[in-house]
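Enquirer: In the order they appear, the protein sequences are chains A and B.
Here the working numbering is used: the first residue of the first sequence is 7, the next is one more, and so on.
Here the working numbering is used: the first residue of the second sequence is 573, the next is one more, and so on.
Honestly, the hints are just simulated from the structure, not real lab data.
Hints are not guaranteed to be accurate.
[Claimed, not checked] Derived coverage of chain A by chain B (criterion: at least 3 residues anywhere in the stretch with Cβ under 8 Å from a Cβ of chain B; other residues may be distant):
#1 7-19
#2 241-255
[Claimed, not checked] Computed Cβ-Cβ distance ranges for the label pairs, DEER-style:
#3 55(A) x 727(B): 43 to 51 Å
#4 90(A) x 680(B): 50 to 58 Å
#5 184(A) x 673(B): 38 to 46 Å
#6 185(A) x 625(B): 16 to 24 Å
#7 806(B) x 44(A): 26 to 34 Å
#8 38(A) x 625(B): 24 to 32 Å
Beta carbons: idealized from backbone N, C-alpha and C, even for Gly.
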Amino acid sequence: MLRLFSSLRTTIGLSLALVALAIWGSLEIQFRPGSYATIEDTILLPWLRARVGEDPRAASWVLAMMGVSALLCLNTAVCVVRRLAAHARSGRWPVRAVAAHLAHLGFLVVLAAHLHGSVSGFRSDGHQAFGGQSFSVTDRPEWRFDVGELTLELAPQGYPTLLRAQVTARQGEAVLAQGAVEVNRPLLVQGVAVYVKAVQPSVRGWGVLLPDGRAVTAEVGSPLPLPGGTLLVREWTQMGGRAIALRVEWRPASGGSRQEWVVPSPGSPLPIGPGLRWGEIVVDSLAIFDVRCDPGATMALVGSALLSLSLVPLVIRRTPGGRLAAGPGPVEVHESP
Amino acid sequence: MPDAIPAAYLWCLRGAGVATLGLGLALALGARRPLPLALAPLPLAAALVAWRTAQVGHLPLAGLHETLLTFGVSLLLVSLWPAARHRTWRLQGAAVSAAGVLWLLSSVANPRLTPLVPALQTLWFEAHVLSSFVAYAHFAVGALAGLAVLAGTSGTGVRRVLEGANRWGFVWFTWGMVGGGIWAYLAWGTYWLWHVKELWSAVVWIYYAGAIHVPHLPGWRGRLQGAASVVGFALVLFTYLGVGLLMRNSHQWQ
Ligand code: HEM
């Protein structure tokens, strides 16, 4: 067994098995996308748990990849330990060999970090807020995220060039962290990262002009008491051009309710009560946030740094003359111990 | 950003592609003074990169047109050193010809100006794409050397180039993957996505991690290594072109 796991032939066999599984996985995702529609919504463990019962085929190759990776890690660990022991016995520590084993360690650290992040941590996506509003996440119920000024800049061609949201994370009144969240610049709060996914114009509120000329307003989703009943705007949609349609629900005081889509323009009569006219439709920037916690991320970064840096001595090596030279060249031949 | 691409730019790209292809063929056929021929395409490469950068306001790393251009430039640069060191100029000729072909392909790919949407406005994007294409160029050199080994026309120089190119390619590809992971964490909140493109990048990384161990198994050197390099580059090409053209593109920024 030990022989098997200290063999480089095993390494190559396991690598090829992982390659085959990843190719199979890519075909699965390509041709059965429905089975993987929610794979990015949570961390891996809850997704796998749900799939194992419901759709074992979707879980199978992910589980197989985990199994083969575990064997490859064992293979790597056995190799590193045996070779380091051999170096210790001989008292010789060639730079290249040490660097190769640091690269092996880096690989092990990255996989351990990924496992850690896949079983603990959380993803809570799609929180919507206008400037001045707050949101919270169930995984940190004692925290609150206050959203300040929102900025959306567009290129003349119409695509966004800047999305920015001022966010303050609070526990009670204590400020945990605050700053401007932009694409590529999340706000980090004790290992939890807040991302801005979109800033877009959205209908925030609407108004009605009463028969006596007074204006009353409400936000989308909140009911507005009017003479003769209650009016509620449930949702809205953008029509062709800039026109906005509202799905309104009218609940007369006498009972019952009626829903319909309307395209309001300021001053036009409401279809429900005499003398009521539409006021202004307030359009404001709405931000959408993802909140994610990956407790393995720092460890993955450390492992990647170890892997990346230890590769340098492998390509910048000393030539027999002792001169430092960079560039492809022959490698020393070592059988695995 | 200008609204249209000047036709002169595309014609210069085509001209440079044809000239580079010709220089490469001359080298591959065994030119007497190879170094000047191998260096000649470099000013063309510098001019094309500078011209495109001036057009779009960033290094040519976004979209098929720009990456084919950059792939060709990387191939010219990456193949030069091992050729000079191991005197493998015919092999270098094949690499230079391939660079010419890449520029010709670039000139027929849609040269539309790719908007730098917010996710692309980071040095991690540049680091990720640039490292990946330097890696791809090394893998291409490895595959050309592998073909020479398989054809039985190569000496020790070519075998050394083969091993070195795959090892360098693996190192650059690792940096590219790490850069991509950091960027994805900052932009999307995870360093790993279960998308087709990411899975294929993992395929390439794991494959070459295995391949660079082959020289440590004495009985496995030679033709097997040559074949492994060629298969590896086929995986690279599918990751670069096949995934984007044939499969649902996961690398969508907008
Ligand atoms: C996917 C996981 C692995 C990665 C990323 C990896 C990476 C590397 C790298 C970059 C080198 C240097 C290559 C060179 O300069 O030619 C190397 C060398 C080596 N690897 Fe691995 N390796 C992995 C797994 C393994 C395993 C499982 C074993 C043991 C069976 C192993 C045994 C060796 C040996 C013996 C060397 C040569 C070290 C020396 O020069 O003394 N590797 N590895």
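Enquirer: Is it true that residue 806(B) and residue 44(A) lie within 26 to 34 Å of each other by Cβ?
Expert: Once the Cβ atoms are compared, 33 Å apart, the range 26 to 34 Å for residue 44(A) and residue 806(B) holds.
Enquirer: Does the segment 7-19 of chain A contain three or more residues whose Cβ lies closer than 8 Å to a Cβ of chain B?
Expert: Contact hint for the segment 7-19 of chain A vs chain B: holds, 4 residues under 8 Å.
Enquirer: Residue 55(A) and residue 727(B), beta-carbon distance inside 43 to 51 Å?
Expert: Taking Cβ atoms as reference, residue 55(A) and residue 727(B) lie about 57 Å apart, which means the hint is violated.
Enquirer: Tell me if the beta carbons of residue 185(A) and residue 625(B) are separated by a distance inside 16 to 24 Å.
Expert: 32 Å, violated
Enquirer: Within 24 to 32 Å: is that where the Cβ-Cβ distance between residue 38(A) and residue 625(B) falls?
Expert: 42 Å, violated
Enquirer: Are there three or more residues in the segment 241-255 of chain A whose C-beta lies closer than 8 Å to some C-beta of chain B?
Expert: violated (count 0)
Enquirer: Cβ-Cβ distance between residue 184(A) and residue 673(B): within 38 to 46 Å?
Expert: 53 Å, violated
Enquirer: The hint says 50 to 58 Å between residue 90(A) and residue 680(B); measuring C-beta to C-beta, is that right?
Expert: Holds: the Cβ-Cβ distance is about 53 Å, inside 50 to 58 Å.
Going down the numbered hints, you'll see the structure goes against 2, 3, 5, 6, 8, while the others check out.
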